[in-house]
Each structure stands twice: as C-alpha cells, then as structure tokens.
Amino acid sequence: MIITVTMNPSLDHAYFIDHFSPGIVNRFQTPRKSIGGKGINAGRAASLSGAKVIISGFLGGDLGQIVGRDLKDENLFELMMLPVSEETRRAITVMHDGNVHTEIVESGPEVSDEQAFHLMNEIKEKLNKENASVITINGSVNSNNKHLYKDLLKYIRTEISNEIPVLMDISGEQLLSLLESDEYKPTFIKPNIHELGELIGKSIPSKEVAIHEMSHSLFNDIDYIMVSCGAEGALFKAGDIYYNVEIPTIDIINPTGSGDATVGGFAYALEEKYSIEDTLKYAMACGMSNAQHAEVGVINKHDVELFMNQIQVKQYKFEPTKAIG
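Using the UniProt record's numbering, read the sequence shown as starting at 1 and increasing by one per residue.
Fair warning: there could be bad hints in the mix.
Said to hold, decoys possible - Subject to a maximum C-alpha distance of 27 angstroms in a straight line, what follows is the list of computed BS3-like cross-link-like pairs (lysine-lysine):
hint: 1; residue 1: 273; residue 2: 185
hint: 2; residue 1: 124; residue 2: 52
hint: 3; residue 1: 317; residue 2: 273
hint: 4; residue 1: 273; residue 2: 52
hint: 5; residue 1: 154; residue 2: 237
hint: 6; residue 1: 72; residue 2: 52
hint: 7; residue 1: 126; residue 2: 273
What the hints assert, rightly or not - So the derived label-pair ranges between C-beta atoms look like this:
hint: 8; residue 1: 317; residue 2: 114; range: 48 to 58 angstroms
hint: 9; residue 1: 159; residue 2: 221; range: 12 to 22 angstroms
hint: 10; residue 1: 275; residue 2: 208; range: 48 to 58 angstroms
hint: 11; residue 1: 82; residue 2: 310; range: 37 to 47 angstroms
hint: 12; residue 1: 221; residue 2: 145; range: 16 to 26 angstroms
hint: 13; residue 1: 208; residue 2: 82; range: 43 to 53 angstroms
hint: 14; residue 1: 161; residue 2: 29; range: 22 to 32 angstroms
hint: 15; residue 1: 273; residue 2: 309; range: 12 to 22 angstroms
To be clear, the hints were calculated from the coordinates, so they are not data collected in a lab. Virtual Cβ for every residue (Gly too), placed ideally from N, Cα, C.
Using the sequences and the accompanying hints, generate a full structural model.
Quick look at the structure:
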C-alpha cells in the first residue's frame, strides 16, 4: 500500500488554444477539469499501475466538496481528506503556441502545524491496522512554518516508522530546510535541474554540470536523488552510483503532472521491488504516458510498457568530482 500526502489539492482547469496573447481577450472552448495536487496525481499514477493507494490531505469549502466527490467517483483510491475552513484552491493551465504552457495557481488554504500533525496522527492510526510500503509527501504547503515538512519527516521517523521509504517531491524553502537538517533525511527527492541550481546557489546549464553537483554535501545520506531534465530525461543517484536516463521524443498533449506521475511510478516500482534500472524506466515511462493525456496524473500501462523499451538508462563509469559544499 502507498500513502500519498497532498497538503494543497486543487481543482485544475486546462485550456487549449493555438495562440495566447497577454493583454487582450483570449476566448477558449470549455476547459478540461480535473482534480490536481502533486500527491493526488502521483497516487493516481500509482493506482493505475496496480497499487493500493490512500490519498491524504486537506479539503475546504464548496470547491473542496467538489474535489472530494470527484475523487470518490474516480474509484481509484481510499480517501483520508481532513476538512479545513478555507476554500480549496484552483489551478489554471493554458496550453498554447505548440508545447508552451502557462499556469495560474492560487496559494490555497493555510495549514497550521496542529492540522498537519493531526493528519500525520490519522496516518499513524491507519498504519497501526494496515502496513504500507511507501509514503510520499508531495507539493507545496501554505504554512507560516518554513520547517513544516522537516518536522513531519521527524514525526514519521520517530512515531510511525524509521524504515518505511519516504519520498518527498517538494521544493523551495521547505526542501532546503529538510536538506540542511542533520536529524532525518527522506529516502528520495526530485528537484528539477533549475531547482538543483537554486538549492546549491549556482547556475546549472547542462546535465554534465548537474551530475557533478549531485555529490554536493547538501544531499548526503539521501538514498535516491532524481534530477528531472525535461525532454532530456533525468539524472539519478543511488548511493555512490550515478545514472543518466535518456527518453525518446514523443507527441505531447498536456505535460502538467508528468513529474508527479513519475513519482507515482517510482513509488509503485519501489513497492514491487524492481531493479534500479527498471524502476527508473518505469517511473520515466509513467511521466511520458501522462504527457500524452489531457487529464493529469493519468497513465496507460500498456503505453508505459512500450515506453520502457525506448528509455535508455546508462550508469556513469566514473566517480564525479566532489562538488564544493
């Protein structure tokens, strides 16, 4: 069983137009609506892969009721969504001018420490009755506590399990706080190449530069580090072994949620005890399959298997020069 945590779910609207012009009226057809939030998207991909999934997080207001109803109607996962007073957020994606996508995302309801730890306690109670193989914490949180995710990881390690893999697909101050802590480290992180540069305070223009910076001391004691590189695939570090992952060019319908589907695929492959190479292929293939759907977090397992045969995973045969840090 996989448990995903989404502190900030959303009602997503995807609009499609040949050309988008700022500053004037742009008229669209009726948007495609779906339920988003990184953990929900990851959970959807994991469930469609065949895993039993629990989706956890917070919902509020009229939009929260819509989101909760639609998630239930998907019939893909068990829900553990706690109520909050503020309205669940909206997220708008405009696909235009080829593969360009522009996003407008609300901040969402503020989550207090008390609410966050209440959710963790609910997860703990669930795991007292049923075992889970992976926990994922995904996406943003609207919180005044810049160390909230670090605090939640500590709670998981001290109150729930010190052994269960914890995948954390987060960014910004929350991720930096987590990495700077000497207490507990997640099993897995997934910054993109731009976010990797922000974390270490330097520009990273290429995969060749990025592979060296993955040995930065900031990332010590993390079992798995994936750096997503868009159409160029990804880089991956497992212990002292480094991998370059190359993906084929595909036709894209909507790339939103592809990184989330990658995390969902990784969680599924981890649960199924795939080899490192097959885990990377499966995870990346989930991201590719998602990009070929208008809906977010949706994969087709047949297509995933086809994509796996086209993905190249190559181990670096050298020890990267240690980055300064």
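Hints and how they fare:
no.	hint	in the structure
1	273 <-> 185	holds (21 angstroms)
2	124 <-> 52	holds (17 angstroms)
3	317 <-> 273	holds (24 angstroms)
4	273 <-> 52	holds (15 angstroms)
5	154 <-> 237	holds (23 angstroms)
6	72 <-> 52	holds (15 angstroms)
7	126 <-> 273	holds (23 angstroms)
8	317 <-> 114: 48 to 58 angstroms	holds (51 angstroms)
9	159 <-> 221: 12 to 22 angstroms	holds (20 angstroms)
10	275 <-> 208: 48 to 58 angstroms	violated (26 angstroms)
11	82 <-> 310: 37 to 47 angstroms	holds (41 angstroms)
12	221 <-> 145: 16 to 26 angstroms	holds (23 angstroms)
13	208 <-> 82: 43 to 53 angstroms	holds (45 angstroms)
14	161 <-> 29: 22 to 32 angstroms	violated (47 angstroms)
15	273 <-> 309: 12 to 22 angstroms	holds (21 angstroms)
Of the numbered hints given earlier, the model fails hints 10 and 14; all others are met.
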